[in-house]
Amino acid sequence: MRIKNHPILGEFDKGRTVAFSYNGAPMTGCEGEPIAAALRANDVIIHRYTSKEHKPRGIFCAIGRCTDCVMIVNGKPNVRTCVTPLEEGMTVETQYGLLTQEEAEAKGAVL
Amino acid sequence: MAETNDVIIIGGGVIGCSIAYYLTKKGIKPLVIEKREIGTGGSSRNGGGVRQSARDPRELPLAMHGVKNLWPGLSEELGSDVEYCQGGNLRMGKTEAHIKFLTAMVESQKKLGLELEMVDGDRVKEILPYASDSIIGASWCPTDGHGNPMLTTLAFYKKALEKGAEFIVGESVEDVIIRKGKVAGVRTDGGTYDAPLVINAAGVGARDIARKVGLDIPMQPRLVEVIVTDQQPVLFDQMLGTAGSDFYGHQSKHGSFVFGGMTGWEDREFYDHRQVTKSNTAPATCRAILDYFPWMERTNVVRAWSGILAVVADGVPVMGPAEELPGFYFASCFCGHGYGISPAVGEQMAELVAEGRSTLPLDAFRFDRFLPKN
Amino acid sequence: MAESNRRKAPEGEYVPKADDDLLICRCEEVSQGDIRRALHQGLRTMNEIKRETRLGMGLCQGQTCTRIARAFIARELGVAPGEVGLPTPRTPARPVPMTVIARDGIMDEAAGEGI
Amino acid sequence: MRRVELAVVGAGPAGLSAAIEAARHGVEVVVFDENQRPGGQLFKQIHKFFGSKEHRARERGFRIGEDLLKEARELNVTVELETVVSGIYDGLELVVTKNDRVEHLRANAVVIATGASENMIPFPGWTLPGVIGAGAAQTMCNLHGVKPGKNILMVGSGNVGVVVGLQLIQAGCSLEAVIDASPRVGGYGVHAAKIARTGVPFHLRHTIKEVYGKDRVEGAVIVEVDEKWQPVPGSEKDLKVDTVCMAVGLSPMYQLSKIAGCETVEDPSRGGVVPICDEYGATTVPGIYVAGDVSGIEEASSAMIGGKIAGASAALKQGYLAQDVFEERYAAFRKSLEQLRQGQFGHGMKGKKITHTQEGIEVSESLLCRGFVDESEILRFPGIPSEEIRMRGLTPVIECTQNIPCDPCREACVKGCIRIGESITDLPSLSKEVQCTGCGMCVAACPGQAIFLLNQNYSDGEALVVLPYEFQPLPEAGDEGTACDRSGNPVGKAKVLKVQKAKTMDGTAVLSMIVPRELAMTARFFRPSGSEERRA
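Taken in sequence, the protein lines are chains W, U, E and Y. Take the first sequence: its letters are residues 1 to 111, numbered as in this note's numbering. Take the second sequence: its letters are residues 1001 to 1374, numbered as in this note's numbering. Take the third sequence: its letters are residues 2001 to 2115, numbered as in this note's numbering. Take the fourth sequence: its letters are residues 3001 to 3536, numbered as in this note's numbering.
Among the hints, erroneous ones may be present.
Computed footprint of chain U on chain E, listed as stretches where at least three residues anywhere in the stretch have a Cβ under 8 Å from a Cβ of chain U [claimed, not checked]:
1) 2011 to 2024
2) 2041 to 2053
3) 2058 to 2069
Treat the hints as calculated values from the structure; they're not laboratory data. Small disclaimer: the values here were computed from a predicted structure and weren't measured. Ideal Cβ positions, reconstructed from N, Cα and C, are used throughout, including at glycine.
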């Protein structure tokens, strides 16, 4: 999903490639780009499931306002992935309500 | 021509709505006049404590009566969840001075019939595993708890409405009408409403209302602030406080934490009568919270709001009839602890209005307590 | 008196509508039906609806739903959006970690100057 | 507590302009912005702007952003990025948060230039991953270099919808359709025409019925609406898209101004709730000014002028600017602003139906309903040369049919072939003696990409059509492909004669193609062979 050779912008000047984990699986992205952009480039578009109705959500505003794209990053929930820069070795997890999938399943939450 | 009502209540906050509801239970359909929106003042700006411990002895019977007889069935009675949770109240201390202060409070309240005790640091950790290790003791009142003030106010409002009370919302009372030495109604910026009985439940506005009939209450507004965090997994159901009063609050049913706190100079802050937050309160509150409750490190603060306490000289509400003016009643000046006793106040005031006397004595709250003493 | 200021007992039970499930507030998952039910019970303003349903009280603090909800409430009541009021925006403008706020005012000698 | 003379909230066009103007007069300025990069929306705006030279017309938004930043730095303006102004308290005290640090500072004046937020509309499925704001699409494509999706439906035909629509195509996405519940295209016709000729259909009087998919968007059902905005049963269309972009308007971000105590008012003509302010941007709180979209939704060009006015006002208040100098500057800003606000898209024109241009020419119904001027309508506009001239040799064909405040074409032509009347919004016309050299500068300069060069008598039976081209891969001389009409329909064969690129053309390639003569007034787009055929 990365744009190659844009007619106006040419090549994108992105940071070095770094490794991070998404739900435990290895993935790569560009250092400093928003976590959400790295995920989108890897075709991940579900960021979380809601607390009440357990419905999937992803990027919506992409500029840190709507808070729909929050995930568990380095163990901390409610991190706005569209404005949080990707760092080497980050752990990024789908957020279930406020929990990781493991925690949610342990609690018997309906997923 | 003005319409005629049995009772007019000035103020659509939790007190006004509660009185309105309990009046409808007695077959009286009051008219409530609210200047802004339902529950705009302190009713939607408080920590939600339903607390008996540390109450003034004059207020304690109302608080105990409410906790015993009214709060447990309130959601069911009103048909709306008010999120009442009887999780107990833990007032924590870190120093010997704190413990001394709390112990004195516990002893005096025990004598008044309230069941509460001093607990040590280990017991605190049992009750609240997330508490800091530096807490050496606490007062513990297991029958205290908390509710959701916004939902409680609206639940009273909705039920009162359903049972025939009427509300005028968006009109400001400009005058209380007196005819032949008695209260005859009120005039607002939108109309005139007759009633032989007017209850002043105007919260912070109560002093202005009383002055319209020549009665002045020694009351001052005081600005306080609360912070709210993002939603978190539900951890505990106690109402929390500290001996040093540096923060108080609870985790809501929704999962967000609602914590009030102070800088220590709130008494001096209310300068321009603007209900705004101050830049220095939230940091003080957050420091205090983390000091007692390090788990909160992972939370985000999503909003801070302020509310105005109607603080009266001797710290307890002004309630009951004004001898000086037949038909004029007070239900005012709750000094920041009105929410917890709001059902009891509504019930007792309704009795007083409907039957001329209340089950629980309200004499200690009479307006004339401020008159010069011999 | 402006008759529009008067609020009386609701007439009858709330009758559900086909599109009640549609969400208005994405954060707190408040639906059109939740709002309609509150309106039916006598609530009238944005702030009252907010206090009743948690509309706009989630992580985003009403960034997305305020405008939609005002329009919806106004439409349901048959009034202009301005008449249903506006919730008060509050500090902090974006969510801030409690640890960050707690450090406010504490001099950090290692870091020297401020931002 | 640190004290600054002027704190600006928001490093977008309005904020940076306010900072530059104030700093120019000697005011010490700090600008705060919550984003990683300054420039606000400018950095996502890769299209060329309308206006005249003083408004920086024909420049791309992101370049204007870069220049503003450079100018600000040269004037020693401090720009603090990734810094959130969490609150503005009594006494103009700002609390700002950067990473894990909080600072309080006191300002003598504050310019709030927080911009706008996107409006959204709820429909069944609007919470599914894949339903995004048009701004999000723009951010992903133009800032982060990542496509937001593959097959995209744009909801809203206003300027944001059609501009972002084009940018999605430029990013390599497939724009499946643009829909709008309104019966007319909301944005500039020339912007709509850019995507229409690539084959994107406009479904006006259509709304979204639902977006479906298990856990992400798999498709969207659109439905026609009648005059009363009610769905017409049986008119549903199922579009297989993975992404739905919402471009349904903007609202001023008034929240911080309200936190600061500024009184607000509901003003639909300015986009919703806005802080009350006077013509200098001064709010009801002394010392606080507003500029840009927060004070009323307009374009970046007007936001920049609004910023300058607020910046100059802040300088005046602090004694850095004499009253007479201020008034002189203010008058110039005002004039420039009024110029931009002219025309049929100008101030107070929103929602008004226009039937004729200011020259008295009937507007193109096709442009308003389908996004392109139909061939049968184009001849009545003054930029279209007569057949006689078209047969005589190369000539510009200016398909500019709406009164837009824009004049780069006039300046682009060194031979003076292009004329615009007294008013900047007049439709361009051709001088009597066209002396076109085929330099292509007007083609590349026109922000609306509405200028073509034409030699209807290129060779026996062939015409030469020169058009602007901003897509990848860029065709090369000798490439064969399909000529498409203004709606993107293939109409015949085309062969690329040459492709001009020049620094002065700023990314707009000028492509010359040879088509059968009878297609001279029909062919307006080149589709390389092998590229996807959109329409059946």
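Hints, one by one, checked against the model:
1. Residue count for the region 2011 to 2024 of chain E with a Cβ under 8 Å from a Cβ of chain U: 0. That is fewer than the three needed, and the coverage hint is violated.
2. Chain U is given as covering the region 2041 to 2053 of chain E, and this holds because 9 residues of the stretch bring a CB closer than 8 Å to a CB of that chain, at least three being needed.
3. Residues of the region 2058 to 2069 of chain E with a Cβ under 8 Å from some Cβ of chain U number 3, which satisfies the need for three, so the listed coverage holds.
Consistency with the previously given hints fails for number 1 only.
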